[in-house]
Amino acid sequence: MKVTTLTINGELVSASPGATVLEAARENGIRIPTLCALEGLSTVGACRLCLVEVKGSPRLQPACVTAADEGMEVSTDTDRLRRYRSMILELLFAERNHVCPVCVANGHCELQDRARQAGMDHVRLPYQHPDLPVDITHARFGVDHNRCILCTRCIRVCDELEGAHTWDLAGRGTNARVITDLNQPWGDAVSCTSCGKCAEACPTGAIFKQGSTVGEMEHRSDRIRFISAARARKEWSP
Amino acid sequence: MDKSELQAIAGKERGARKPVCVSCCTAAGCLSAGGGDVMDSLREELSASGASQKVEVRAVGCMKLCSRGPLVRVEDTSDGRPVADGARLYEKIKPSQAPVLIRAAGEGEAAELPMVDLSHPFFTRQRPIVLENCGVVEPERIESYIEADGYLALHKVLRDMTPEEVVKTITQSGLRGRGGAGFPTGIKWSLVAKAISEKKYIVCNADEGDPGAFMDRSVLESDPHRVLEGMAIAAYAVGASEGYIYIRGEYPLAINRLQTAIRTARRLGLLGSRIFEAPFDFNVDLRIGAGAFVCGEETALMASIEGRRGNPSPRPPYPAEHGLWGHSTLINNVETFANIAPILRRGAEWFASVGTEKSKGTKVFALAGKIANTGLIEVPMGITLREIVEEIGGGDPDGQVKAVQTGGPSGGCIPARHLDTPVDYESLAELGSIMGSGGMIVMDDSNNMVDVARFFMQFCMDESCGKCLPCRAGTVQMHGLLEKIRDRRATADDLALLEELCDVVKYTSLCGLGQTAPNPVLSTLRFFRHEYEELLQKEVTLA
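Protein sequences appear in the order of chains A and B.
At position 11 of the first sequence (counting the first as 1) the number is 11 in this note's numbering, and the numbers step up by one without a gap.
At position 29 of the second sequence (counting the first as 1) the number is 29 in this note's numbering, and the numbers step up by one without a gap.
In case anyone wonders, no lab produced these hints; they're calculated from the structure.
Some clues are possibly wrong.
[To be verified] Heads up, simulated BS3-like pairs for lysine-lysine below, C-alpha to C-alpha not over 30 Å straight-line: (1) B/K358 with B/K484; (2) B/K156 with B/K194; (3) B/K18 with B/K3; (4) A/K2 with B/K54; (5) A/K55 with B/K194; (6) A/K2 with B/K358; (7) B/K94 with B/K156; (8) B/K538 with B/K484; (9) B/K358 with B/K156; (10) B/K156 with B/K54; (11) B/K484 with B/K506; (12) B/K194 with B/K168; (13) A/K55 with B/K506; (14) B/K54 with B/K12; (15) B/K358 with A/K55.
[Unchecked claim] So the derived list for chain A, only partly shown, Cβ under 8 Å to chain B, looks like this: (16) C47; (17) P62; (18) I88; (19) R124; (20) L169; (21) P185.
Ideal Cβ placement from N, Cα and C applies to all residues, glycine included.
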């Protein structure tokens, strides 16, 4: 694989061998909003926030899984994309009960950050107000399904870095839920090693450390990138 | 197995024919109307009457006019192959009518039972290629398929043609994917043929899930060997040795008949190792879907075959380069595979002579809704919707046809004023619908278009896998807005919001399900906008 050059927002930039459009943008200080992507984990292209326009392609492409090809012309911040991102965030906020003032992750939440960056200050869609459980059966952690955005970071980090595969997905569509083991209470999930990587990877207040109150749950998602790089490339400095 | 053995089986089958053949439909449509009991009584009555020297009873597949089942056809086959001319098709037969039927058949006379007019356009306007054996061969007997020139195309391909020639023939035939999108089949085959992969797979997509569609089910229940033969030819053409048929669990009869077909084909050496003594091995296995519509999407289908959750993944990479377990994989629909054997038997030019310039061959539709003749039809591409609805379908018995819905939840509603549109991939796409897999639902004035759109949106909402946000949450919001409009609670702002959501979901969803979920709304808005507007609340003006 070779180093490639491509154009992002009219600027000629270089990309490392094998880089995605998202990585190429980040290497060059261009910010593309993401939620499901997390450095150190595999990519799924699910949240659709990182969609970009690629010249010559009739479809929008998710930057996190699209390879940065030589000569590609990418736009990351058009009016159309801004409109779509705003609507995607509105859809997320309306889907479950994201009530920031009473959330453990208030102020440390990637969903909140994305909304602020996108200038999304209100939701035009009716809130769905689903009746969702909170599982605090685990001794140290809890999961609040009201805050979950189904980004599947917890599932991937548990499977790919911890190797436990405690987390998975059950149900489909709007009824999809992250589950532990075979949909048992987290406290009864025998495969869980209580490593806490899921709590660090979670972008919202869905997975939290017990004992944290409003605004106290800070996720250290950079640790995920550190562990992954340490193992893959023997880089031990954070 | 070689050609002479194949011919010997066909000859023996022909020799065993009785002069009069009573064929009873044993596909799911007629079985649900009691066809199984009719079949049993016909057999009992035949052995009791002592006419078994002259008359035979055969369990065949779909005879197409499903709304009039159980169907029984009686024909004189004394001069060899069955001829439609001397055939009588009896409708809505009850087990108690078996004695009358058998006696009349033995005497060569018409029974005094309700009969279907076989000279009706429903039968005469059809052009069977995919369905040529439907209702003729016995789906549970491989000998019956061999008698109808079965596996001759596979023999020809393996003994006389190179894989490149096979791909070239399919390309020249102009066949396009019958799953809905219409990608040229020859190009797809050549992509897999050229791919460098340690192993290659053939997958038959039989996860037919559009509401009201039953084309693939009918083919599999009536003529399963045709699909196996098409898959084996494809495997030879692209260099694969293993195949899967991904079939939905809701089709137990089709699954059963496929299992029988695979077992008997293997026993005769038509599947397995060194087929027709050629250096070619091919095995087929079934994978049963567990009730998820999204598993008809190819990346989700492959995930399901691999034993993972049936979620779609972003493309590229396409299955041709990175398919099952990372190997190059060819995925075609049931109807596409069912077209392969006739094309190789009769040549690409013959196939290309049917249809229009860009859409060759025929298309099978499951005709349903507000129409006189409900059932399975196969028509040449380029036929107009009006010919299908008014001539073949016999029009709407109670009222005026208002619209025709094609393409299921990914398609759209075409209004009656566009009924003269020819049925081909491009013309339907221009009208905001799609060819789709072949569901065709006729609607009249009793169908409110907002409710039609709401029905399909509910379907997409229930069937969304939940992986990508626009489809998971967007379909819920769109469904809510459509309910609000239907219940006269919505304002013009709600309609504007609905249109904005359609745009977002269409262009930001991950897979085809989400990308096409807004289509029923967009097409009804395009042609029946007034029906939406009539339901909106009038704006209150402040004095």
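Now for the hints, and whether the structure bears them out:
no.	hint	in the structure
1	B/K358 with B/K484	violated, 42 Å
2	B/K156 with B/K194	holds, 22 Å
3	B/K18 with B/K3	holds, 25 Å
4	A/K2 with B/K54	violated, 77 Å
5	A/K55 with B/K194	holds, 28 Å
6	A/K2 with B/K358	violated, 40 Å
7	B/K94 with B/K156	violated, 44 Å
8	B/K538 with B/K484	holds, 14 Å
9	B/K358 with B/K156	holds, 28 Å
10	B/K156 with B/K54	violated, 36 Å
11	B/K484 with B/K506	holds, 21 Å
12	B/K194 with B/K168	holds, 13 Å
13	A/K55 with B/K506	holds, 19 Å
14	B/K54 with B/K12	holds, 17 Å
15	B/K358 with A/K55	holds, 28 Å
16	C47	holds, 6 Å
17	P62	holds, 6 Å
18	I88	holds, 6 Å
19	R124	holds, 6 Å
20	L169	holds, 6 Å
21	P185	violated, 22 Å
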